[in-house]
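Taken in order, these protein sequences are the chains called H and C.
The opening position of the first sequence corresponds to residue 1 in the UniProt record's numbering, with each subsequent residue numbered one higher.
The opening position of the second sequence corresponds to residue 1 in the UniProt record's numbering, with each subsequent residue numbered one higher.
Treat the hints as calculated values from the structure; they're not laboratory data.
Misleading hints may appear alongside valid ones.
[As the list claims (entries may be wrong)] Not the full set, but computed from the structure, chain C residues with beta-carbon under 10 Å of chain H:
1. Arg45
2. Ile47
3. Asp161
4. Ser162
5. Pro163
6. Thr165
7. Glu173
8. Tyr178
9. Asp179
10. Phe180
11. Cys181
12. Trp182
[Unchecked claim] Here are the simulated SDA-like pairs of lysine to any residue, each with C-alpha atoms no more than 25 Å apart in a straight line:
13. C:Lys159 / H:Lys182
14. H:Lys281 / H:Leu308
15. H:Lys90 / C:Glu37
16. H:Lys299 / C:Arg169
17. H:Lys90 / C:Pro164
18. H:Lys182 / H:Glu265
Note that the structure is a prediction, hence the values are computed from the model and not measured.
In this text, a Cβ means the ideal position worked out from N, Cα and C, and glycines have one as well.
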Amino acid sequence: MNDNYHIFSDGRVERHNDTVRLITEDDEKKYLPIENAEALFLHGQIDFNTRLISFLDDHGVAMHVFGWNDYYAGSVMPERGQTSGQTVVKQVRAYDDPDHRLDIATEFVSGSIHNMRANVAYYDNRGFDFAEALGDLGHRREEISSVDAIDEAMGVEAGARRAYYATFDEILPDGFVFNGRKYNPPNNKVNSLISFGNSLVYASVVSAIRATALDPTISYLHEPGERRYSLALDIADLFKPLLTDRVLFRLVNRGQLSADDFDTELNSCLLTESGRKTYSKEFEKTLEETIEHPNLNRKVSYQYLLRLEAYKLKKHLLTGEAYEPFERWW
Amino acid sequence: MSEADPVELLLRSARDEAVDVSFHVTGVMMQYYVVCERELWFESRDIEIDRDNPSVVRGTQVDNTAYEDKRRNLSIDGRISPDLLDDGRVVEVKPSSSLIEPARLQLLYYLWYLDRVAGVEKNGVLAHPREKKRETVELTDEAVQRVEDAIRGIFDVVKSDSPPTAEERPFCESCAYYDFCWSC
Chain H
1 MNDNYHIFSD GRVERHNDTV RLITEDDEKK YLPIENAEAL FLHGQIDFNT
51 RLISFLDDHG VAMHVFGWND YYAGSVMPER GQTSGQTVVK QVRAYDDPDH
101 RLDIATEFVS GSIHNMRANV AYYDNRGFDF AEALGDLGHR REEISSVDAI
151 DEAMGVEAGA RRAYYATFDE ILPDGFVFNG RKYNPPNNKV NSLISFGNSL
201 VYASVVSAIR ATALDPTISY LHEPGERRYS LALDIADLFK PLLTDRVLFR
251 LVNRGQLSAD DFDTELNSCL LTESGRKTYS KEFEKTLEET IEHPNLNRKV
301 SYQYLLRLEA YKLKKHLLTG EAYEPFERWW
Chain C
1 MSEADPVELL LRSARDEAVD VSFHVTGVMM QYYVVCEREL WFESRDIEID
51 RDNPSVVRGT QVDNTAYEDK RRNLSIDGRI SPDLLDDGRV VEVKPSSSLI
101 EPARLQLLYY LWYLDRVAGV EKNGVLAHPR EKKRETVELT DEAVQRVEDA
151 IRGIFDVVKS DSPPTAEERP FCESCAYYDF CWSC
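Okay, chain H solo, but in the shape it has when bound (with noise of 0.2 Å):
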């Protein structure tokens, strides 16, 4: 279950009996089977009607939308089948309480520094020598617990990912230059990916938190309403380097990805179609990649472990009970 569909190609998706039809421009029909779909992913110019939303509503499929270049537009989500006022208020309670708030924001930092270095630590591990930029993300893991303030643990969080980010030119292949996080529009190669990437875990994650009564507008390290779905920001930044990074690495270091696969013009690099659906495609593996659970025995796909990080944060906000954010633990 949890399929996601990517559609790059221009034309009209609708309902075709019990099915979704995707009808592109040169008349070609292919079928989306969604019993087991969470989303559709729209990347390319697409007409649909109100039948289709009432049918992917019956069986809870959202539609992310990708506008020009391929930035996330937004979300027709399904309705929801419950809501919680009492989750919401618990949410802005928490959000409202500035101590609160500042527990919840240094876990997500917390656990955003460990992931970045695991992926260090993995590249040291296969002959790179990364003790400085593991000593770095140690040293900020713990500053982050002794901040106390939001801005400062943002300044925590951007130091941390400088660090990072600092080694992904020595672990990149000749042809892929990074030089820094560049975006608005992405400078370079890396930075497209990384760009797109992001912006695929973001959608990911808004499916996540809907699963949830949880309020996607209310969040606790960034700013809320600093984009739409801030909470998905928050949760976002925990597995980027999990999904983000290494789908990035994976493809780069096979030289699966070629000069043809992106538009570079004067200040901008962007994917071309064919490197986006390379990269989602690699992606979209990448979430069903399964790993066993510590505490429910069984293997759960990298896409739940989103899913259940909406839970602990939702059952922290209603019991007290403690949020731990996700660490990569194997």
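Here the structure of chain H is known, so what remains is to put chain C in place on it, guided by the hints.
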């Protein structure tokens, strides 16, 4: 709130009398009280169940298909909704008899509620269509005692600010809150 007996409180709430805190108990809360108080607490907070959980899917299916031509649902004030057979008996359908005690208490609660709130005396039948088993259930004095003790127990769980801590039990994995409870 005063020291009012939860049973009194529930009856007064059910009769729409003015009370400081209204208190309602649903049939499913009776079941959860026997099975797992943490589950009961989650339910009382409107935490949505995992509808993809296989046991939930199966239970819903059995409930929707069993005896469908012979029973009708009777919703009382939108608070409890027992099913009635043509002969007037209250029926509770369960997919299996493995959790018989919770189902029995749920049925007894319906009988108690009908008697105390609506003033109608009914008998009940507990049915497991897949096992072709039926059992008659009556509201004896002892049963009344059990129902009222459960109401008091439920009140204590529900009014608490936090749920009882998680405890691994044999049937945890088939619970609709399993992933929520153990996501940690």
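For each hint, the structure was consulted:
no.	hint	result
1	Arg45	holds, 6 Å
2	Ile47	holds, 7 Å
3	Asp161	holds, 7 Å
4	Ser162	holds, 5 Å
5	Pro163	holds, 5 Å
6	Thr165	holds, 8 Å
7	Glu173	holds, 7 Å
8	Tyr178	holds, 7 Å
9	Asp179	holds, 6 Å
10	Phe180	holds, 5 Å
11	Cys181	holds, 8 Å
12	Trp182	holds, 5 Å
13	C:Lys159 / H:Lys182	violated, 51 Å
14	H:Lys281 / H:Leu308	holds, 23 Å
15	H:Lys90 / C:Glu37	holds, 21 Å
16	H:Lys299 / C:Arg169	holds, 19 Å
17	H:Lys90 / C:Pro164	holds, 19 Å
18	H:Lys182 / H:Glu265	holds, 15 Å
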